[in-house]
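Hints in hand, dock the two standalone chains.
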Amino acid sequence: MRNYVIRRIALIIPSIIIVSVVIFFLIRILPGDVVDLMMADADSGRAGDKKTAEALRAKLGLDQPIYVQYLQYMGGLMRGDLGVSIWSGKPAVNEIIKSLPVTMELAILAVIISISISIPAGVISALKQDTPTDYVARVASIMSLSVPGFFTGTLIVLLPAIWWHYSPPIIYVPFWEDPRVNLQQMLPPAFALGAIEAGVVTRMMRTTMLEVLRQDYMRTAWAKGLRDRVVIYRHALKNAMIPVVTIIGLQVAALMGGSVIMEQIFSLPGLGRLTVGSIFQRDYGQLQGNILFIAAFVLMMNLIVDIAYAWFDPRVHYR
Amino acid sequence: MARESRQVGIEAAVWEGVRPRRSLMLRLARLARTKPLGAFGALVIAILVIAAVFAEPIAPYDPNKSYFESTLAAPSSQFWMGNDNLGRDVFSRVVFGSRISLMVGLLSVGMGTLHGTLWGLISGYIGGRFDLVVQRVMDSIMAIPFLIFALTVVAVLGPSIMNVILALAFAQTPRSNRVVRGTVISVKENQYIEAARAVGVPNWRIVALHILPNVLAPIVVIATVSLGGAIIAEASLSFLGLGTPPPTPTWGGMLSQVGRQYLEQAPWIAIFPGIAISVVVLAFNLFGDALRDVLDPRLRT
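From first to last, the protein sequence lines are chains V and H. Every letter in the first sequence is one number past the one before it in my numbering, and letter 258, counting from 1, is 245. Adding 68 to a residue's 1-based position in the second sequence gives its number in my numbering.
Chain H with its partners taken away, still in its complex shape (with noise of 0.2 Å):
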């Protein structure tokens, strides 16, 4: 029992001299003034996130429902973004095309990271052979091109909402991991993690407890850089196709066949939602360069 506290001691002790100073709350507070870029990417991932939350009350219109008699209508006052060819606001449809794009990225990268990670932290702690086996496989998999990866998995799976997600969690996994990994081998070498084994701190406490927490900032950073990748990679399935199956908007969906089809006569039906990936995806990448540079200087490209 003695023995038990004086560990949880010797361990927390050693745990205060690594913890960060400022709290991360208060480091995301200065980058809105030190980063007006970073903050107006964020301020346009609150309005997507607003838009997708309150789409029916936001959306004038049922972006199912056909307006015959303004069928391919340029836009106008009442229907702000025009018409597509089955007479549906575009508007509306881009606005809940916002929901796909921003489910399928939080979910399908969340899953990823996740999954990344784990393997990462395993990996990376426990090195030698196991190392080497789990990164000839995320190697393998990165050699085969995300969007031909997550193609691959989607017509295995069938186009539909979720198999785009596993789809792009898949594809997400190895990048994820290669940083957690990459981090892990260099926070292990600490001698605070020397000194956390030498007085017999378990092996999972030392990865949740003393590696994790160093792993944080660039698991955070990756992930809202590939959010970006992931928004186009959504879109990239719709548009060719395997994405979430029709009638539901989604961007890509609404740029691709009848968007192309009808390119010269209403290019607004493509023109909005492809903006409106480029403005979001643009957000994502300034707020991630923005929360690169504060939370992990190291991480800079």
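The shape of chain V in the complex, shown without the other chains (with noise of 0.2 Å):
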């Protein structure tokens, strides 16, 4: 266990190394760089100042060939420097921190969500498979993974402005400051992310339950008389959660890509619209930064996943 552990933790440092190479050149092909963006917005009448340009480029360390410009960022990834925002010159770190709480907040409370739609869902779904019940399950689990995120985000911002010409308050107010208009913004946002998730775990759900109760072990613990919440709860759903539990740790990456959506929707600080905004704004710095950031994260938690599964469930083999 322990030297699987080990080599588990060992293989993410290539997969990090990987995702910085991928990112750090593929944001480098862009056509024309930020320098050039920076002077034509920042005064249209030194627009032309070629000198202008280059001090600027120099400072940024464009002017560097681009192997070195790479050596120069592991350097600094190996400090714990993300990166410097182009933008405000500031470290990207800053700006990750700033946002991070957002988002965070907001995929826990999709989690939460979703945790509690899709368990019971699954599981009744499973007990009582093929009956009216189990396909309205099944009908609404698959329906909530076609209706795109924007969408029901757009509806759940639309209905209520209509119907009772209701908005949440715009201006994000963090948690700590007053819970309930923290609330007031975040649970339509985590309630919409959350119903695409409950679906991929109410779906998981329903078949690990069925696969469960067609064990031998099941039929011997209804054969001696154990009460029906016994066998469902200690016997059937424990055994079944395991593989439950692993694509919730898995739907991470899918819940970092959804509030991209929804804290442009919901205009909420977060990590997600951190990133949008680099991205039109050619701040490399800063969109290298997050991307590495949400890779290492998603790394992290697919490891903790893989960990938990070997550590909950002696029959998984780790070499």
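There's no promise every hint is true.
[As the list claims (entries may be wrong)] SDA-like mimics (lysine to any residue), calculated; alpha carbons at most 25 Å apart, straight line: (1) Lys103(H) <-> Asp215(V); (2) Lys115(V) <-> Asp215(V); (3) Lys77(V) <-> Val224(H); (4) Lys103(H) <-> Lys77(V); (5) Lys115(V) <-> Thr102(H).
No wet-lab data here; the hints were simulated from the structure.
This is the structure in structure tokens:
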């Protein structure tokens, strides 16, 4: 077990390096560079000034050959420096740390909402296999996978506005300042995001539950006259949950992607909005810091899921 | 020469043994009877294809022509889905929008699947250190959320239909790769592969004739299921303003700035394309599910 954990942690390092290489070079294929954009933007009178542009390039290190830029970047990473926002000149980490709590809160709320819908729905659907209840649950879960997040999000904004002329407070308020206002802002997007995930988890829950229900020990449990509740909770659900927990863990990447859309629709200053903003501003520094951070986060979550899996399920062979 | 023909003979014998008994077409025909939801999906997909191919005769108006006298008009017998802020017919735009969704979906998933399959076949078959490296690269790409990865690629290449397709194909690659590689690894342990290798069948022939047919079912399933995701991703990119540039009508684009700006005043601008995306993606999901049950019960989730 210990060797397995060490080996898995060691394998994350090359993955992060590959992500950094992919992102670093991908972003630099950009036709026009950020300096041109800044010059055009800053002051149209001075836009043609080559000297200023060169000075700016030198300051940002963009005049160096690309591999030197990469090595400098990697050197920074080793010291925990995710790069510098080209636009504001501040470390990219600052912005990430500022916007991270918003995305985290959104993701956690979405997971709570999705679990509290999907686990009961999946279990009931499996217990009542091929009944109308099962059918409704299955159709609902596949529908929630099919409606795009931005459409659900848009409807959640639109319908209350039309029916009750209600719209949530516009300016973002952190949770610790005013939890009530904060939740008014966060719950609608969390619901839209959680609904999509609930579809995935319900399907998984139903399948694994059905599989477990067919096991011999389940028949034994029923046969020796245990109460329904004991059989379902202690014998079935406990075993069926293992792959479901894995799926919930693996949904982290999808949640991070989904939050990009939700933060955009609901104007929340989170990591997704920061990322889209840095794409529009061609702020390489910020963008690559964000993506690397998100990828590292996803890899860590996957690792935790894998280790938890090996820990909880003695049947898993780890080498 | 004699050795050559004997080799082909043995190979053919081995091959006959593993060929599935029922043909693909027969199995698809059974799908309609046993899987009504899958058949519904197939029907919607057929309608989508017809709408995309015959958009000109189906759409009652030019999707980009403005009828200023009916700007923001509600749905009526003349304009079935109402008009947008420039007086354009929403129904015609939805019909033409199917083109972009279908084209981007098919091409990106097709290219991504092809690319992923190729790497999956090679890395699964060769195995060892090569496999390890390829899989690390795929894992790394998978660690970047699909949408963020596609956004970055489009941002780098610039928003155009072709670049959206490329971005989504790139993001699709590791997903197909994983499925194919997994299947290859389990298939290559079979005795008939060993037999083929023992009689001296070259590697490329083993991969193309003995392994690939076993991988086809999971490829078809994963591609169908991915189509829905690709259509949502295309629409999401257009929604964020990084997809196919206007005035080309796209479902995601119709739901973006303009649709949301007039949300309360003229909700039909946004609602109809939203419903179109949802129904089409639902159809692909239902069809993919049914296909999975029929073609590859092992993949069931």
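Comparing the hints with the structure gives:
no.: 1; hint: Lys103(H) <-> Asp215(V); in the structure: 32 Å, violated
no.: 2; hint: Lys115(V) <-> Asp215(V); in the structure: 14 Å, holds
no.: 3; hint: Lys77(V) <-> Val224(H); in the structure: 23 Å, holds
no.: 4; hint: Lys103(H) <-> Lys77(V); in the structure: 57 Å, violated
no.: 5; hint: Lys115(V) <-> Thr102(H); in the structure: 20 Å, holds
Taken one by one, the earlier hints fail for this structure at numbers 1 and 4, listed in ascending order.
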